[in-house]
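Visitor: Could you use the hints to bring the two separately framed chains together as a complex?
Each protein sequence line maps, in turn, to chains A and B. Note that the working numbering has the first sequence beginning at 184, numbered continuously upward. Note that the working numbering has the second sequence beginning at 308, numbered continuously upward.
Relax, there's no trap hidden among the hints.
Footprint (simulated), chain B over chain A, 3 or more residues, beta carbon under 8 Å:
#	stretch
1	252 to 260
2	269 to 280
Below 20 Å or equal to it, Euclidean Cα-Cα: the simulated PhoX-like pairs (lysine-lysine) are:
#	chain 1	residue 1	chain 2	residue 2
3	B	572	B	491
4	A	273	B	491
5	B	572	A	273
6	A	199	A	211
7	B	569	B	392
8	A	273	A	308
For the chain B half of the interface with chain A, some residues (derived, Cβ under 7 Å), not all of them:
#	residue
9	415
10	418
11	419
12	426
No lab work stands behind these hints, which were simulated from the structure alone. Ideal Cβ placement from N, Cα and C applies to all residues, glycine included.
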Amino acid sequence: MKGRCGEISKKGVPPKDAYDKIIDELGKLSRKIDSLTHSTETILEAEEKILSTLGKRVLLESQAKTVVPDATALLSLPGSLRKTMLAMYKLGEATAEDLSDETSRLRAVESACANQLTRMGYLEKKRIGRKVYFQIQQSLGALAE
Amino acid sequence: MTEVISLHSSRGGTGKTVIGVNLAALLASKGLNVTLVDLDFRAPSLYHTFRPYVEPPSFWVNDYLNLHCEPDDFLVGVGKALNLKGDLLIGFANPHTRAIEDMLGKSRSWEATALKRLFDLKTFLAQNLNNDVCLCDTSPGIHYSSLNAMLYSDRIVFVSTSDPLEMEQVANMLEEYNDVFEDKTSILLNKAFPETSCLCDRGQEEQAIRLLADIKIPLIGMIPCYCDVLTTQTRLLMFEKRGHPFFGRLEEVARILISEQKNKKERQAIPAK
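Bound conformation, chain B alone (with noise of 0.2 Å):
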């Protein structure tokens, strides 16, 4: 079964794609096989993250969406080149600016048809590569790819710094699409509370509480604005920074979203009375 995660957000700069890409990689080093997909057709970054491992690949997410190909033709395998445990296969978002034009002016059929794509890619996943995790990095705020991501993810987490407006704008959200986020949502606080850095993780966490009391979703992780993790030049840390306490909080979403699919698995392998 592929547990299918969206990394949403709303507004850009929250630090989305960095905790995508490590997240993903993380997951994998465990042992799990993970698939990445760029959902950020407005704003692809995927591709530049992964450059030093991967060849430029034949077909991007974009050419599967717009039935060009098929998912083993777009996925890229870099398990190996990073020397992960489990497999990590990155579906690519075409970053070239005609690429982008040409997805900001698809029609809504074109758009329903996509959907239709994700779910199969999905079944594709579940079916064929034995994958575990799906995570799909989205376009910030509302657009119809981040739309379709959240239809067809089983989870969504929003990653939100601790910005009062930005949280605003994500009970918002919330709000107008409560029956979809239902209990399938969680937050991720990310760059948190740079101006109270020096408080211990109970001060922050307390601080964090107060801030999500009108948003009634659980915080999934918090992680602090560590100011060398924002000046570093790759996104992919996880080579670089391991012993970080970045990891060490990411590690707990990971051990998180894992005990959940577990546990869920559990459910689902009982038979309904």
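In isolation and in its complexed conformation, chain A is listed as follows (with noise of 0.2 Å):
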């Protein structure tokens, strides 16, 4: 029976050379372990890079979408959007059909005015089993709390 590492005997005993060869590609191995490991870190270290620079970019992102709904920032809203959001005011957290109740225009108008304001920033909106709820932004609210 021949192994990767020579002749076994026949009592199952591998000769000298046997081992000395084992001890040779078992170092290979581990300079090649070490090798890959230096690899993947090199790797992981680019990648941290990366992300680090995208996630960034996106709260750079999500910073440049947050807008703070003062008095001024609504003024330049179509009075229509003004609408909804005055409501949302009054309402802190609202679904299209209290929006609706508030400004007597369709539920439909409302929806459509209040998932305009939540792609301007204006709004954010959470679903909370069938009903979607839109509120103002976040950090406005925790401070009125």
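Guide: Here it is, written out as structure tokens:
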């Protein structure tokens, strides 16, 4: 019977040179593992750099999207959106239906306006069960509480 | 339901505070529950007006907007002290220099939170105090506190003199914020036509119509320039000059406001088809 490290004796004990070969092979494996570990570390470092850059960009984008809904910002909105926003100021958190009750406009109109305000960064949206709730930015809500 | 009415002007010295104080007292004397809030943080004056009738308040409107207290902490009742039929609650703005400085250096986030607090105040007045009217004395011109007041008000009354330059400023503001003012704004001419005080009422009205030709908002009232009102030491004229024609004019304004509020309540009581 011949293994990779040479011939195994009939008693099942490998000859001495076979040990040397095993040690040699293990050494090669160890070096390969070291090299792989080094490469992985390099890759991870590079990944970390990329993620950090991406994270900063995402953060910057989210900051740019955050609007402070003060009076001047509200005055710059079209009248239809401002009406929804003022209703949100009154209600704090509301569904499109709640908004519709407040403004006496159609639920679909309020839904469209609230979604538009969410895209513009004035409102945040969350789903509880089957209902979608809109709320004035978390930061403002937290400050107002 | 609480009707929030902001008294605004394009510049100072139009008599906004005198109108606000006396209109509030007049409405309360007719049995309405009234709140008067000083939102003129640059030049607060309500506290000095009511100082003879109240103890120094523990909290100010400033504290409420700064999240340091709740509405029932800063509202001070003066209805009993003034022997009025209805309640008259006053929210005083802090007149101390440090407080004025503090209010001038606020961030946009704070201003947005202040707007939310004003909406919460309106809900509180309607739900907890059965308040009928909340009058807000705003800061003249364009200032965050006056913009906030205008946004949360149900009605805006521009108090203006008959000075053509001032009228031009009013026209500019109305044009700039046309869709905000919409149909909720009216104008009250105060200290009107001092140079033509000898004209009969009709003559003054005709002059007012000419003056307001370019401004497409309704005239809610006109108070001529009365020298004795201008020279009175106190702003709360109601008890000193009750029989004065100034009050006759102000009564007319109050009557319009009450009847419009009544109509609005009736309209809201009818369920939408």
